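Please build the complete structure, drawing on both the sequences and the hints.
Each chain, written out:
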Amino acid sequence: MTVSPRPAQSRLDPEAVPRRDVLGLLSLWSMASALLVATLGALRLPRAAVLPSPSKTFRVTIPETLPAGEPFVPPGRSVALFRDGEGIHAISIVCTHLGCIIKATAGGFECPCHGSKFASDGAVTGGPAPAPLPWRQVTVNGNAVIVDEETSVPAGTKVQA
Amino acid sequence: MNAGHDALRTFRDNLRQVPGRLAATAFRTGAPRTDRSRSTFVFGNVFLHLHSVRTHRWSLRWATTAGLGIATLAAFFITLITGVLLMFYYKPYPEAAYLSMKDIHFVVPTGRFIRNIHRWAANAMVVTVILHMARAFYTAAYRAPREFNWLIGMALLAVTLGLSFTGYLLPWDQLAYWAITIGANIAQSPREVTDALGITETFDPGGLQRLLLLGSDTVGEEALIRFYLLHVMLLPLVAAALMAVHFWRIRKDGGLAKPADVDRRLAPDAGAHPLFTDAPQKTYHLAAIVRGRSPAVGRGPEHTVPSMPHLFYAELAVFMLTVFVCTALAIVSDAPLKEVANPLVPENPAKAPWYFLGLQELVAFSAFMGGIGIPAVVLIGLGLIPFLDREEAGTGEWFGGPGGWPLVRRAAVLGLAAAVGVEAFIIRFGWLREWFPGIPQLVITAVNPGTVLTAIYAAYSLWLVRRFNSTRAGALGLFTCFLGGFLVLTVVGTYFRGPNWHFFWSPADWPVH
Ligand code: HEM
Ligand code: FES
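Residue numbers (the numbering used here), protein chains in the order written: chain A, 3 to 163; chain B, 32 to 544.
No lab work stands behind these hints: they were computed from the structure. Values in this document were obtained by computation on a predicted structure and should not be read as measured data. It cannot be assumed that every hint is accurate.
Claimed, not checked - Below, computed lysine-lysine pairings styled on PhoX-like, alpha-carbon distance capped at 25 Å:
#	chain 1	residue 1	chain 2	residue 2
1	B	Lys133	A	Lys105
2	A	Lys119	B	Lys382
3	A	Lys105	A	Lys58
If you want it as structure tokens, here you go:
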């Protein structure tokens, strides 16, 4: 095979790069495809396949003395448990605005960060929060209550002891 | 005489000449005393040759640049050096990180001083980079052929803010932890829209962004190591590479922007700097070639002076001034360090670094609009300016272009007043959700103080475009308004917001908690 580049127009124009230079094309395209494949592969790396956080399901005993309608926040958890005549329920206390931990009271919830307010069923009543606080799944097993912080249930779902 | 004696003497002579010969091979062109050796001094040096060998006298006026670009570079160098020193003791692992910061603060010799300088230089860099951008904007220096360098500059702005933000987490104290928690949730805030549309299950860019940033679902050890990597490796490397291109392009774009009639404006050089002390060489010409608008055939470089020493000494002066300011601040004021991070008790109020507090002010209405929507619009607008403003009047002059300084003055008043008005309104009367508790989130995302302010500014700027029949006039107005708005929101967020993000005249009025 002969390589015949187009002749230069003038003394000042460089010769055109020969387009059928097999070795050159091979290196060019192998580099391009290697870069593409490597980049696509590397892009997957930062996305963790398994989240390194502790288990979100935990077992807890609600204190006998907890008055009806008062919140109980198990130590180290971000969910408030309530017990009243209809049963037990759990509401997340992570603000749906920007993730601050909310103060739970009998009458409702208040976020310290930008002042979002929630009713006692988690519905937004003021501030920037875009969504109500989710209710979490509760199962009762004898004396113990098992809470799953990852599974949401429809608001109003209470579980009888 | 025997031969051995000669060889010994030669050996001794060579030994004596080692320092001189070493210097001669390192700096091949001799001392920069003549015009020719001054130019070879510049282009024979891998670092210095990012500069042109001669500098226009217009570019050397303090009023042209105010030294702001070099001050930014100086602050970057200072953070680089102090940052490497801090790395001797810093341990990027949650509790250990906090303890190592305490060690640096209280135990390590000079540790607190180095940390203070690092913190102050980082803040100085943010201030100077914003002022430098404003300088480039107001002198219309973004216009052809400098569009690309303006874009490189915007990338540098983003990297500078990224460096500051990633550094903020490293002390692992309460301030750091909650600022980053809020920041990461802002990254997730596109969910505000996808949730309202009910498509988060299938399309969740917000969740992905947050996951990539934190490497987990909470701010923990994964997040810390990611921020550390970005802060000490990736972002500094990117910044250095972009800076090299930025400076190289200045030279390739023909030096700094100048008014078309610059030669007439400068007083004739009183002969203080002899222009050519020996015959220019061919190589000298090659290195001095720049792109210009009019052919310079037959004209000498009348108003240029050798970069060595005129430009370099000016740069050194700015550099030393920056060092002085950062060191002085580091002596009088300590960088903060609160209690160790506690994921269960938010800092109240939880404040981001000061330059994000303007955004936090907007985020307190709609996380998506304040944190992503409006910043994106601003960045796109800034990026488009050089391509929309193709005019020529006023290049290289402060507030150059139709309207000029009177326009900028009026826009500043309007920008400040509108922002103060909107703030006063929401502090006094609240916003939509306080009046209509059941209102859908999408309405608030679309209509909130941030979008209202943006709409006012945009309307004013469109009116200016028509009034002056010039895109530059509109750009001058819009840029000034946004700068004013940024200032007001930042001041309110910094000084007048307390616990629960309520308004307080002074921190002395904060409730005790
Ligand atoms: C780390 C950040 C940056 C550094 C270290 C830097 C440094 C510099 C320096 C040293 C100059 C020479 C003139 C002067 O000192 O003003 C310059 C010019 C310039 N910079 Fe930057 N810069 C940075 C960021 C930016 C940003 C954010 C923008 C705008 C978006 C920008 C746009 C420009 C333009 C357009 C010029 C040419 C000015 C002219 O021709 O008059 N730079 N920069
Ligand atoms: S994080 Fe709760 S209101 Fe902003």
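To see whether the hints hold, each was checked on the structure:
At roughly 30 Å between alpha-carbon atoms, Lys133 (chain B) and Lys105 (chain A) are farther apart than 25 Å, so this suggested pair is violated. The suggested pairing of Lys119 (chain A) with Lys382 (chain B) holds, with an alpha-carbon distance near 19 Å, which does not exceed 25 Å. Distance check on the hinted pair: Lys105 (chain A) and Lys58 (chain A) sit about 20 Å apart at the alpha-carbon level, within 25 Å; holds.
Checked against the numbered hints given earlier, this structure breaks only hint 1.
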